[in-house]
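Residue numbers (our numbering), protein chains in the order written: chain A, 1 to 256; chain B, 1 to 240; chain C, 1 to 240.
By construction, these hints were calculated from the structure, which means they are not laboratory data. None of these values were measured; they are calculated from a predicted model.
Below, simulated SDA-like cross-link-like pairs (lysine to any residue); rule was C-alpha separation at most 20 Å, straight line: (1) 144(C) to 80(A); (2) 144(C) to 131(C); (3) 169(A) to 138(C); (4) 54(B) to 218(C); (5) 171(A) to 8(A); (6) 144(C) to 119(A); (7) 144(C) to 93(A); (8) 54(B) to 217(C); (9) 138(A) to 154(A); (10) 11(B) to 193(B).
Pairwise CB distance ranges (calculated): (11) 51(B) to 209(A): 55 to 63 Å; (12) 126(B) to 128(C): 26 to 34 Å; (13) 51(C) to 197(B): 19 to 27 Å; (14) 23(C) to 91(B): 28 to 36 Å; (15) 228(A) to 50(C): 30 to 38 Å.
Note that CB positions come from ideal geometry on N, CA and C, so glycine has one too.
Here are the chains, one letter per residue:
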Amino acid sequence: MASANRLLVRNIRKSFGTHEVLKGISLEARDGDVISILGASGSGKSTFLRCINLLEIANEGEIWVDGEQIQMTRHHGQNRPQSQKQVDRIRSELGMVFQSFNLWSHMTILENIIEGPVHVLKRPKADCIAEAEALLEKVGIADKRHAYPAHLSGGQQQRAAIARSLAMKPKVMLFDEPTSALDPELVGEVLRVMRALAEEGMTMLVVTHEMSFARDVSNRVIFMRQGVIDSDGAPQDMFGSNASPAFRQFIGNFGA
Amino acid sequence: MDFPFLLQTMKTLLAALPMTLALFLLSVSCGLVLALLIVWMRVGGNAVARNFAKGYIFVFRGSPLLIQMFLIFYGLGQFGFIRYSFLWPALREPFVCAVLALALCTAGYTAEIFRGGLRAVSPREIEAARAIGMSGGLLVRRILAPIAFRHALPAYSTEVVMMVKSTALASLVTVWEVTGVAQRLISQTYRTMEVFLCAALIYLVLNFIILQAFAALERRLSRHRDTAPRPLPNAKPQIA
Amino acid sequence: MTFIEMLGFGQKGWAGLLLGAALLTICVTATALVIGACLGAVVASAKLSGSRSLRLIGHVYTTVFRGVPELLIIYVIYFGGSAAVTAVGSFLGYTGFLGLPSFVAGALAVGMISGAYQAEVYRGAFLAISRGELEAAQAIGMAKGLRFRRIIMPQVVRLAIPGIGNVWQLSLKDSALVSVTGLAELMRTTQIAAGSTRQYFLFFIIGGCLYLVLTSLSDRVFQRAERRANRSMPASMGQA
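Chain A with its partners taken away, still in its complex shape (with noise of 0.2 Å):
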């Protein structure tokens, strides 16, 4: 295994009852790289993204993170982990922000970003506050540290939920559709947070629907439809004039 992998996805298939809805997907993150998923709703590119980190099972495939395989079992012809606690460190070493922030309401600013560090990965509080006061710093909300989520606008609650993430020091970051559920006003001071962060050498996944964050951005585009990869390549590529014709339409549609 190439020690600069840091993601490898092989074959991933994942059905809801008779619907299969990833039919066979793989991919490989290096060091650094920051992948674009991109595809129409229902192509499947969340449901990928959750397989990831194990918050669906897929049916098959393989997972490694950093050169470590997520250990399955067969039961009755589904996969699943071998150990939890395994899922749990893999877990915590994967970043993951989600469309609706999900920040922990009866938690802070502060309580939220410092959570995961103090409990988890069980570190001196004293050192995990000073971490949290600097990210809250980079991310721009340092002044809402004691505020309630519920007190935040949603472009602040999802730079605090980057800023959560991060405190982990992930390895990858997954990023579920960050701006999706953001008033459009609110869209750039996400999109801002995320191009320090890949500029910074960030290996991350995004899947979006910010054309822009693609094609500037990122340094590689997959394009998903149907539940496969209809094409991948640099933003360059996939965005100048051999792209495919599917992917053509799909950007058409944005007016991109």
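Use these hints to put chains B and C onto chain A, whose structure you have.
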């Protein structure tokens, strides 16, 4: 298990069922009428009536039914003017006292439930009715009451089931309904579990029938909705 | 004897006894609340569990203890409990009747009823937690126990406070029924005072007022707790 004993117990308890039903039906219907009066006072424009209704609801929801029942049963007879009034032949009857206490108490809870229903009527619906020229009694009868009743129905069904259980207190003023008879059987036979099972079964069947009836009524009244309404929490609403 | 003497703290006055009895009522209710919290948590997790038989058991528990008259349940626990204690006693070589202390029987009975209502409160609170927040906890690598302790428990407690307040009020009034076991709580003491002075009306009014004081004071306590717990909520929701 001793089936002949269970059968005998069931028979004895069922003989008291008409009394439980009479207590229940009379007090729920009287309580409903009284509740409508109180909720009308509670939401009306008259400050004196409003405060009276507030006080009524506070007192009857805030104190135990048993103390209300004892107050009526033992307390009223203390006064000469009641003992010599034309009401005395009725008020000396334990059954009448029990129904009176049950009705007065449920009226307090029911009024509060209906007030909640009224608050759930959207101002836009009222505005629309006014816009086509409805007002006063017509507005209440055609728009306000039906919508409010529909909203209040789930909580009201809970209150009605509570009333089934409350009829048991009548046994403490010597009205021999199901729980009173069950208590007597327990102290005679010491076969607590068997008697309890029979009595519990009677109450649970009764509740089941009532809840089915309310569910049917609710379905009828919510034909305009696609999905079933969410049930309200089962605990009684909080004190105002 | 004048009213003042009767109601005073003097030798023939009932004030001290009534206040002590009110304290006992609070003790019974508080013990019942704790018993009910434990039972409620167990029953709620049974009703939420993946196992069909556990769900059925939970369902039967809440149906029976919310559907059968409180008085009947108190009789069963008191008489049945005493029978059980006597049986254990005779097994250990003690002949004769052993009673279950009426405080224990009463608190247990009211607690079991309270447990059925609390189970519904906790279940509702659990279902009200945002699925997304639970997912975020999973995604950050929290193991099951940690997730329960850090994310689920604090939110269930917060969301359950209004419901627990309602259950407390219900239990406070149910505790009056424990008077049938002879426990000298507020209801029973009021009865004794009324009977021995023959001032039924006066004493039942006073007893009722003491209950009103208890219910409205505890209502205020729960409202404060709710406001405190909801400081993380937007202002509009905190009011609800």
